[in-house]
Every structure is written in C-alpha cells, then in structure tokens.
Amino acid sequence: MEITLDTETIRMIHLFESITHLSVKDCLIFEDCIYFLLDSHQKIENNGVLRTLENMMKKKIVIFNYNPNLIEFLKS
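The sequence shown finishes on residue 76 if you use my numbering, and the numbering steps up by one all the way, no holes.
Quick caveat, the hints were computed from the structure, so don't treat them as lab data. Check each hint, because a few of them may be wrong.
Beta-carbon label-pair distances, calculated as ranges [said to hold, decoys possible]: (1) Met57 <-> Ser23: 15 to 23 Å; (2) Ile29 <-> Thr52: 14 to 22 Å; (3) Lys25 <-> Glu45: 16 to 24 Å; (4) Asp39 <-> Arg11: 18 to 26 Å; (5) Leu15 <-> Ile71: 28 to 36 Å; (6) Ile61 <-> Thr7: 18 to 26 Å; (7) Ile61 <-> His41: 17 to 25 Å; (8) Pro68 <-> Glu31: 28 to 36 Å; (9) His14 <-> Ser40: 15 to 23 Å; (10) Asn47 <-> Ser76: 12 to 20 Å; (11) Thr7 <-> Asn69: 29 to 37 Å; (12) Ile29 <-> Phe73: 18 to 26 Å; (13) Lys43 <-> His14: 16 to 24 Å.
In the DSBU-like style, the derived pairs of lysine-lysine whose C-alpha atoms are separated by at most 30 Å in a straight line are [unchecked claim]: (14) Lys43 <-> Lys59; (15) Lys59 <-> Lys25; (16) Lys58 <-> Lys75; (17) Lys60 <-> Lys75; (18) Lys60 <-> Lys43; (19) Lys25 <-> Lys43; (20) Lys25 <-> Lys60; (21) Lys25 <-> Lys75; (22) Lys58 <-> Lys43; (23) Lys58 <-> Lys25; (24) Lys43 <-> Lys75; (25) Lys75 <-> Lys59.
Here the structure is a predicted model, which means the values were calculated and not measured. C-beta: ideal position from N, C-alpha, C; glycine also.
Based on the sequences and whatever the hints tell you, model everything.
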C-alpha cells in the first residue's frame, strides 16, 4: 500500500522531528488536532516541548506509539 503525503503533512512531520528528535511514522491533521504516530518505545521527555509545538502549530497534539501487535496498538 502506497501512502501519499501532502505538503502540509510533510511540513508538520519535519517540524515535529526537528524539535523533538523523534522519528514519526505517520501524521494525521484535522482542524483542531494533529495526531503523530511514533516508532515504538519513543516518547517526549519534556512536556514543555510539546506545549511549544502546540503553540507553533496552533493545534492540539496527540501522540501514539506504533506497535506491530494490533491489540497492543489499539490499547495505546
């Protein structure tokens, strides 16, 4: 399955990765919220960084971690 990202999604992923130094697998952008899917076992250590990103992007950020086990992924 091929995934095509638009320019805004690529910009948001790049901004998130450059500030947090975490690897993003996917990103979904809605009117008031951005969902980032990170590689497994990654997390933001500093909530101040998350707040800074939310202010820069002017949207609430929700972060999920990828898990190859579907049940564990859905639990997260």
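Going down the list of hints, with the structure as the test:
For Met57 and Ser23, the hinted distance range of 15 to 23 Å is satisfied, since their beta carbons lie about 18 Å from each other. In this structure the hint that Ile29 and Thr52 lie 14 to 22 Å apart at CB holds, the actual value being about 18 Å. For the pair Lys25 and Glu45, the supplied restraint of 16 to 24 Å holds, since their beta-carbon distance comes to about 19 Å. Checked against the given bound of 18 to 26 Å, the beta carbons of Asp39 and Arg11, roughly 20 Å apart, stay inside it.
A hinted range of 28 to 36 Å for the beta carbons of Leu15 and Ile71 is consistent with their spacing of about 32 Å. Range check, Ile61 to Thr7: Cβ separation about 19 Å, and the 18 to 26 Å hint holds. The hinted range of 17 to 25 Å is satisfied by Ile61 and His41, whose Cβ atoms lie roughly 19 Å apart. For Pro68 and Glu31, the hinted distance range of 28 to 36 Å is satisfied, since their beta carbons lie about 31 Å from each other.
Look at His14 against Ser40: about 21 Å separates their beta carbons, and that is inside 15 to 23 Å. The beta-carbon spacing between Asn47 and Ser76, approximately 18 Å, falls within the hinted interval of 12 to 20 Å. One distance hint, 29 to 37 Å for the beta-carbon pair Thr7 and Asn69, holds here, with the actual separation near 33 Å. A beta carbon spacing of about 20 Å between Ile29 and Phe73 agrees with the range 18 to 26 Å that was offered as a hint.
Between Lys43 and His14 the C-beta distance comes to about 20 Å, which sits within the given range of 16 to 24 Å. Simply put, Lys43 and Lys59 have alpha-carbon atoms about 19 Å apart, close enough for the 30 Å limit, and the pair holds. Using a Cα cut-off of 30 Å, the hinted pair Lys59 and Lys25 holds, with the two alpha carbons roughly 19 Å apart. Restraint check for Lys58 and Lys75: satisfied, since their Cα atoms lie roughly 28 Å apart, inside the 30 Å limit.
Distance restraint check for Lys60 and Lys75: the Cα-Cα separation of roughly 21 Å lies within the 30 Å cut-off, and the hinted pair is therefore satisfied. For the hint linking Lys60 to Lys43, the alpha-carbon distance of about 16 Å falls within 30 Å, and the restraint holds. With a CA separation close to 13 Å, the supplied pair Lys25 and Lys43 stays within the 30 Å bound. For the hint pairing Lys25 with Lys60, the CA-to-CA distance comes to about 18 Å; that is within 30 Å, so the pair holds.
Annotation: proposed proximity of Lys25 to Lys75 holds, straight-line Cα distance about 18 Å (limit 30 Å). Between Lys58 and Lys43, the direct Cα distance comes to roughly 21 Å. Compliance with the 30 Å bound is thereby established for this hinted pair. The straight-line distance between the Cα atoms of Lys58 and Lys25 is roughly 21 Å, inside the 30 Å bound, and the hint therefore holds. Proximity of Lys43 to Lys75 is assessed by CA-CA distance (about 16 Å); at most 30 Å being required, the pair is judged to hold.
About 24 Å separates the Cα atoms of Lys75 and Lys59, which keeps this hinted pair within 30 Å; it holds.
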